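So the sequence lines, in the order shown, correspond to chains H and F.
With this note's numbering, letter number 36 in the first sequence gets 36, and the count goes up by one each step, no holes.
With this note's numbering, letter number 279 in the second sequence gets 689, and the count goes up by one each step, no holes.
Hints listed in this document are in silico derivations from the structure and should not be mistaken for laboratory results.
Just so we're clear, the structure is a prediction, and the values are computed from it rather than from any experiment.
Just so you know, even glycine gets a beta-carbon here, dropped at the ideal spot from N, CA and C.
Any given hint could turn out to be false.
Unchecked claim - Cβ-to-Cβ under 8 Å is the rule here; a few derived chain H residues that face chain F:
no., residue
1, 18
2, 23
3, 228
4, 231
5, 264
6, 280
7, 281
8, 282
9, 289
10, 351
11, 359
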Amino acid sequence: MINVTLRMAWRNLWRHGRRTWLTIGAMIFSNTLLVFSMSLQFGSYDMMIDNTLQAFSGHIQLQHPRYLDDPKMRYALPGAVATAQRLRDEIGLSSISARAAGFALVSSNDRSYGLQIIGVDADHEPLVSTLPGLVRQGRYLAPAASAEIVIGSVLARNLKVDIGDELTFLGSGYDDSFAAGLVRIVGIFESGFPELDRYMAQINLGYFQDIFAMQGHGHAIVIRARHIEDVDRLNQRISNLESVGDDVAIRDWDALQPGLKQAIQADMTSAWFMYLVLIVLVAFSVLNTQLMSVLERTREFGTMMALGLKPSRLSRLVLLETGLMAGVGLIMGIVAGALITWYFSEAGFSYPGMEEMAVKFNLPDRMYPAISAISLTLGPGVVALGSLLAAIYPATRLYLLLPIEAMRAA
Amino acid sequence: MTVFKLYFATLLTLSWRNLWRNHRRTLIMLGAISIGVWAMIFMTALMRGMVDDMLDQGIRNLPGQIQIQHPEFLDDPSVVNNIPEPQGELLAALNQPGLKRWATRIKVPAVIASERESRGVTLLGVEPDAEPDITGIPARVIEGRFLQSNQDDGIVIDAKLAERLETRLGKRVVLMSQDPENNISERGFRIVGIYRTRLPGVEQFDVYAAKDTLQELLRIEGRVSQIVLVDDDYREIENLYQRIRQAAPAGSEVKAWYEIDTYLASMINMMDGFVLVWVIIIFLALSFGLANTLVMSVFERVREIGLIQALGMRPGLIVSQILLESLLLLLIGLVIGNLLAYITVKPLESGLDISVVAEGMAMMGASSMLYPNLTLHDMVLANTVVIILGVLTSILPAWRAARLDPVRALNTI
Numbered sequence: 001m002i003n004v005t006l007r008m009a010w011r012n013l014w015r016h017g018r019r020t021w022l023t024i025g026a027m028i029f030s031n032t033l034l035v036f037s038m039s040l041q042f043g044s045y046d047m048m049i050d051n052t053l054q055a056f057s058g059h060i061q062l063q064h065p066r067y068l069d070d071p072k073m074r075y076a077l078p079g080a081v082a083t084a085q086r087l088r089d090e091i092g093l094s095s096i097s098a099r100a101a102g103f104a105l106v107s108s109n110d111r112s113y114g115l116q117i118i119g120v121d122a123d124h125e126p127l128v129s130t131l132p133g134l135v136r137q138g139r140y141l142a143p144a145a146s147a148e149i150v151i152g153s154v155l156a157r158n159l160k161v162d163i164g165d166e167l168t169f170l171g172s173g174y175d176d177s178f179a180a181g182l183v184r185i186v187g188i189f190e191s192g193f194p195e196l197d198r199y200m201a202q203i204n205l206g207y208f209q210d211i212f213a214m215q216g217h218g219h220a221i222v223i224r225a226r227h228i229e230d231v232d233r234l235n236q237r238i239s240n241l242e243s244v245g246d247d248v249a250i251r252d253w254d255a256l257q258p259g260l261k262q263a264i265q266a267d268m269t270s271a272w273f274m275y276l277v278l279i280v281l282v283a284f285s286v287l288n289t290q291l292m293s294v295l296e297r298t299r300e301f302g303t304m305m306a307l308g309l310k311p312s313r314l315s316r317l318v319l320l321e322t323g324l325m326a327g328v329g330l331i332m333g334i335v336a337g338a339l340i341t342w343y344f345s346e347a348g349f350s351y352p353g354m355e356e357m358a359v360k361f362n363l364p365d366r367m368y369p370a371i372s373a374i375s376l377t378l379g380p381g382v383v384a385l386g387s388l389l390a391a392i393y394p395a396t397r398l399y400l401l402l403p404i405e406a407m408r409a410a
Numbered sequence: 411m412t413v414f415k416l417y418f419a420t421l422l423t424l425s426w427r428n429l430w431r432n433h434r435r436t437l438i439m440l441g442a443i444s445i446g447v448w449a450m451i452f453m454t455a456l457m458r459g460m461v462d463d464m465l466d467q468g469i470r471n472l473p474g475q476i477q478i479q480h481p482e483f484l485d486d487p488s489v490v491n492n493i494p495e496p497q498g499e500l501l502a503a504l505n506q507p508g509l510k511r512w513a514t515r516i517k518v519p520a521v522i523a524s525e526r527e528s529r530g531v532t533l534l535g536v537e538p539d540a541e542p543d544i545t546g547i548p549a550r551v552i553e554g555r556f557l558q559s560n561q562d563d564g565i566v567i568d569a570k571l572a573e574r575l576e577t578r579l580g581k582r583v584v585l586m587s588q589d590p591e592n593n594i595s596e597r598g599f600r601i602v603g604i605y606r607t608r609l610p611g612v613e614q615f616d617v618y619a620a621k622d623t624l625q626e627l628l629r630i631e632g633r634v635s636q637i638v639l640v641d642d643d644y645r646e647i648e649n650l651y652q653r654i655r656q657a658a659p660a661g662s663e664v665k666a667w668y669e670i671d672t673y674l675a676s677m678i679n680m681m682d683g684f685v686l687v688w689v690i691i692i693f694l695a696l697s698f699g700l701a702n703t704l705v706m707s708v709f710e711r712v713r714e715i716g717l718i719q720a721l722g723m724r725p726g727l728i729v730s731q732i733l734l735e736s737l738l739l740l741l742i743g744l745v746i747g748n749l750l751a752y753i754t755v756k757p758l759e760s761g762l763d764i765s766v767v768a769e770g771m772a773m774m775g776a777s778s779m780l781y782p783n784l785t786l787h788d789m790v791l792a793n794t795v796v797i798i799l800g801v802l803t804s805i806l807p808a809w810r811a812a813r814l815d816p817v818r819a820l821n822t823i
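Please put together the full structure from these sequences, using the hints given.
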């Protein structure tokens, strides 16, 4: 039985080959576009998240509960280095590193700038942040060495200093004491992030703790997950650990970089509006085609009903025809979309103005769309669903058909 | 001429009636065209509004549409890279009628220290009278007042910065910077005003002081960091830019906003590109349905077309009739679509609150209110694309109809 209906539906479709192809064409066009732009979109989000988080902030940070809103020296994390070591052991993840941060007036012979000095654990910092790898001149901090500093490239230019030059810094310590140090520049990094290159300097955590009288405290334990998808699970595990008490707040990347997720959300919203319009237009196309094909077959359907076919069977036939069209559109759309996406994922994709945008959002200046199961199937799936929904109206019209009148229809 | 008119009137009637012979199909197609056109214009107006806002904010942050400064200043914003206050030819050029506003500014890195905390900030020496047009900060003062004269000895700081420094209105803070001879210059200032930018919650590091006061503190009497110019429309500054360029003295550099912030400049082009791509994509999605409708309507009328051909209607007129049918369909769809867009955008023009994603918008340089901007240019573009491409899409079905062999067509069932 099913076979008969299926064969009938298939043949009905090709009674008007051109019309069917035009309808399927609309689906293929939309599906191809959806596959490509979703791949591009997800690809760029992933890159944006990775590049931004890996540069400095990491995926998760443990902080004093008040530090996020009010990053003051006194909201410190006691025994940060020991806690970081315990976390590394308990979770079995080595990309965990302790940091401290303070404000200081940094002076060279010619210039002075007020900036943020970060105390880092030079052994583990390269595992949580890409910054140590971005040292373009000189080298990164040697573990436990004191009186060494690495600074951003713009800052180096503004201070008019080079590798080997000395800098003095003045600030106030954890206990409000006077903190001063004389350090030698061992490395200059160039991250491409204007804020980091202009305002960041790093010294060893132990040295930082001495100078700023931190009494062994730090300000953050930075954790970099293997993948962004692991963050929630990792978050859960950390909050279950006994060594992490209630006096420690666990901040994931969403809290650390609220702009990032919201920029993505804003972009998603506008993208979804555009996709929705495309899908609605395809649905209209299907509605038109199927309604026409039902109307022109009024006599034929009347005869079939007179022969004993139930309206439900006929409306199933119409839905099946739509389903077949949607299926062909889906498969061809996915194939075409995948081919185009694959081409650009090899060759890279760029458009005018993209370079400036890339700098602003920490993206490389060519984008490489990421083909995934979701980007391949989500758009075309919704298009197929929308087509089936559009066919409901023509299909239900069949229930109103009266066989005698239908057979007399022109 | 009259013959042509007669032909045209007949053709128009024929096309119009043909359109409504199958009213369901026509209505569905009209629905699709209207939604498509609405989406084209609505989305464009939203994006246009966002980009305008980004540009406006961006230029206010620079600040100014044109800046005159020491050639090294942009790269190294230090007090050493200063220029003399405008005089002679430049002053004359600046004072020519037609320029909305110009002002001199001092901009140096500094450290601000309260009793408890200190921060690195950008210390700005401004002419308070000009600030409303240049940065608009005076309108954002929420406590106290903005600076009142070039000699005012108070400072105005950001609300979040005040919170971080654990200080408040009326308190004294110390500002520390360097003079051109590398001597530390510092003095106490009373906070006379607190401002909040359009992006509350994000700390702003700009500290506003009066120009003369800073010149004295930094020992740079008669010299400034920048001269900034603001005109009415940031898109039309070319003449002004050339004039100022001619007049600027040696040892200074004139730059327009689009040279200073290439991201902002690229936004305009990118936006134009986006509008065109979006309009064409929507049109393509529509074109399948349009072609389908015409193909069907010709198919249903094969006999009829054969008959009127046999009666002597020339192929050219048949093509015209079908093109006219498609044109009518497109025009009605466009009218509805444009109206829909107009009535949906107008109520939103007072501002669409998108503060849920405020910080994300801030990353892009836009604020948390979206003011859609329905421009004539974009509407004309959308309508033109739809009509031209729409007629092009209809040519094939129309041409096929005209090429029917009357004898065969008449014998088709």
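Verification of the supplied hints:
Against a cut-off of 8 Å between C-beta atoms, the interface hint on residue 18 of chain H holds, since the closest Cβ of chain F lies about 6 Å away. Interface hint at residue 23 of chain H: satisfied, since its Cβ lies 6 Å from the closest Cβ of chain F, which is below the 8 Å cut-off. For residue 228 of chain H, the suggested interface contact is broken, since its CB lies about 17 Å from the closest CB of chain F, more than 8 Å. The closest approach between the C-beta of residue 231 of chain H and any C-beta of chain F is roughly 19 Å, which is over the 8 Å cut-off, so the hint fails.
Annotation: interface hint on residue 264 of chain H holds; nearest CB of chain F at approximately 7 Å, less than 8 Å. Using the Cβ-Cβ criterion of 8 Å, the hint placing residue 280 of chain H at the interface with chain F is satisfied: the shortest such distance is roughly 6 Å. The restraint placing residue 281 of chain H at the interface with chain F holds, with a minimum CB-CB distance near 4 Å, inside the 8 Å limit. Hint status for residue 282 of chain H relative to chain F: holds, with the closest Cβ pair at about 7 Å, below 8 Å.
With a least beta-carbon distance of about 6 Å to chain F, the hint placing residue 289 of chain H at the interface is held under the 8 Å criterion. The criterion of a C-beta within 8 Å of any C-beta in chain F is met by residue 351 of chain H, whose closest approach is roughly 7 Å, and the hint holds. Checking residue 359 of chain H against chain F by beta carbon gives a least distance of about 7 Å; that is within 8 Å, so the hint holds.
Of the numbered hints listed earlier, those contradicted by the structure are 3, 4.
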